[in-house]
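Novice: Protein chains in written order, with numbering that gives the first Met the number 0: chain G, 0 to 214; chain S, 0 to 114.
To be clear, the hints were calculated from the coordinates, so they are not data collected in a lab.
It is possible that part of the hints are untrue.
Here are the simulated BS3-like pairs of lysine-lysine, each with C-alpha atoms no more than 30 Å apart in a straight line [unchecked claim]:
no., chain 1, residue 1, chain 2, residue 2
1, S, K6, S, K46
2, S, K46, G, K203
3, S, K56, S, K46
4, S, K56, G, K203
5, S, K56, S, K12
6, S, K6, S, K56
Residues from chain S that keep clear of chain G, each with C-beta distances beyond 12 Å, as calculated [as the list claims (entries may be wrong)]:
no., residue
7, K6
8, L17
9, A34
10, M36
11, I42
12, G47
13, G48
14, L50
15, E58
16, T59
17, T69
18, S70
19, P74
20, K77
21, E83
Backbone N, C-alpha and C fix where the C-beta goes; we use that ideal spot for every residue, glycine too.
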Amino acid sequence: MTPESWMYLGQVMAALREYGVPGRRIGDHIAELSAHLEESGADPVAEFGRPAELAARLAGDERLVPAWMRSLAARLATMVPVVLGAMLLVDVVMGDRPVTVTVGQVCWALLFAAMVGTISHLAINRLDGRSLASAIEWPVLVVWLGGSALTATLAGIDRVLLEVPTWLAIIGAVTLATPTLALARAMDSPIRFPPGAEHLAPLKRGVLAGRAPTA
Amino acid sequence: MGGSADKRSQWLKGLLDLCVLAILTRGEAYGYEIARMLDEHGIGEIKGGTLYPALAKLETEGHVEATWRTSDAGPNRKYYVITESGRQALAAESAAWAEFSTAASRLIVDQEVAT
């Protein structure tokens with residue numbers, strides 16, 4: 000296979016992973032595409048189209064991550080409850096009584112969401128062949144960060160927004176964090192290639208970058 | 000030529016599943032082989048980017064089953080075979096297609112008769 004084909008298959012693999020397709024299915028798709036390229040000698044993009052688009056079509060109904068969640072705004076928004084949930088849990092474990100939610104905690108959640116959400120968003124959008132600058136979605140990020148800073152300035156970092164009983168904080172933390180943890184677990188099924196396609200295993204090492212193996 | 004290919008591609012939307020199932024009634028086949036057989040039957044060149052998602056959908060729906068086989072002549076291949084559910088879907092939809100294509104042909108091809 001050519002370095003371009005290796006690169007292409009790595010990008011399709013990363014995009015399928017991003018859609019939450021189970022690992023065994025990913026291995027199956029990649030082995031099949033690889034066999035097709037080997038037999039036809041075709042150029043991967045001319046034969047299959049752009050990697051992210053092919054992955055979307057292959058994922059079909061198997062997508063665990065719906066298309067709307069792939070936008071930056073959605074990524075940021077889904078991160079916030081998880082971070083807040085984690086903070087509440089830390090408060091409960093550390094024994095702070097009563098458990099409080101402060102403006103500072105909300106701002107931390109917003110900033111952490113901005114960091115993790117943007118990095119994961121970029122990792123995927125680079126696959127579409129766009130430049131980094133156009134993939135970041137600056138207006139969303141600026142409004143997000145500006146809103147966080149403004150909230151912190153106007154309300155004051157230490158201002159308590161909520162005071163909740165411990166039992167409610169535990170329920171809240173679990174409720175906020177569980178869906179994302181379940182999703183992460185679902186996406187964490189290892190990629191398995193079918194028998195005879197073990198030579199594709201190096202792709203797993205460069206799964207996000209879609210690098211061609213050096214050896 | 001490109002325009003003709005585009006038109007075929009448009010017509011094929013919604014019909015590819017049926018064509019693939021029809022090919023598989025002639026025996027099991029793997030992806031690249033199915034593409035070649037579709038071409039030989041005059042359907043035109045089907046790119047892998049169109050074919051494999053269609054095969055994945057058919058597999059998910061249970062209309063085809065797949066197994067990996069070793070090959071002496073090249074890479075291992077994923078062979079597809081039509082299931083009973085696939086045969087039933089083909090039978091049901093081919094009748095509907097025959098009715099539709101006859102009506103469309105009457106309207107489009109036989110227009111000179113009417114004018």
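Novice: Now tell me, hint by hint, if it's right for this structure.
Specialist: Results of checking the hints against the structure:
1. S/K6 x S/K46: holds (15 Å)
2. S/K46 x G/K203: This hinted pair holds, its Cα atoms lying about 26 Å apart.
3. S/K56 x S/K46: holds (16 Å)
4. S/K56 x G/K203: holds (25 Å)
5. S/K56 x S/K12: holds (14 Å)
6. S/K6 x S/K56: Holds, at about 23 Å.
7. K6: holds (19 Å)
8. L17: Answer for S/L17: holds, closest chain G Cβ roughly 18 Å.
9. A34: violated (8 Å)
10. M36: holds (14 Å)
11. I42: Consistent with the label, S/I42 stays out of reach of chain G, its closest Cβ about 17 Å off (over 12 Å).
12. G47: violated (5 Å)
13. G48: violated (4 Å)
14. L50: violated (9 Å)
15. E58: violated (9 Å)
16. T59: violated (6 Å)
17. T69: violated (6 Å)
18. S70: violated (8 Å)
19. P74: Given that some Cβ of chain G is not farther than 12 Å from that of S/P74, nearest at about 4 Å, it is violated.
20. K77: violated (5 Å)
21. E83: holds (22 Å)
Going through the hint list in order, the structure does not satisfy hints 9, 12, 13, 14, 15, 16, 17, 18, 19, 20.
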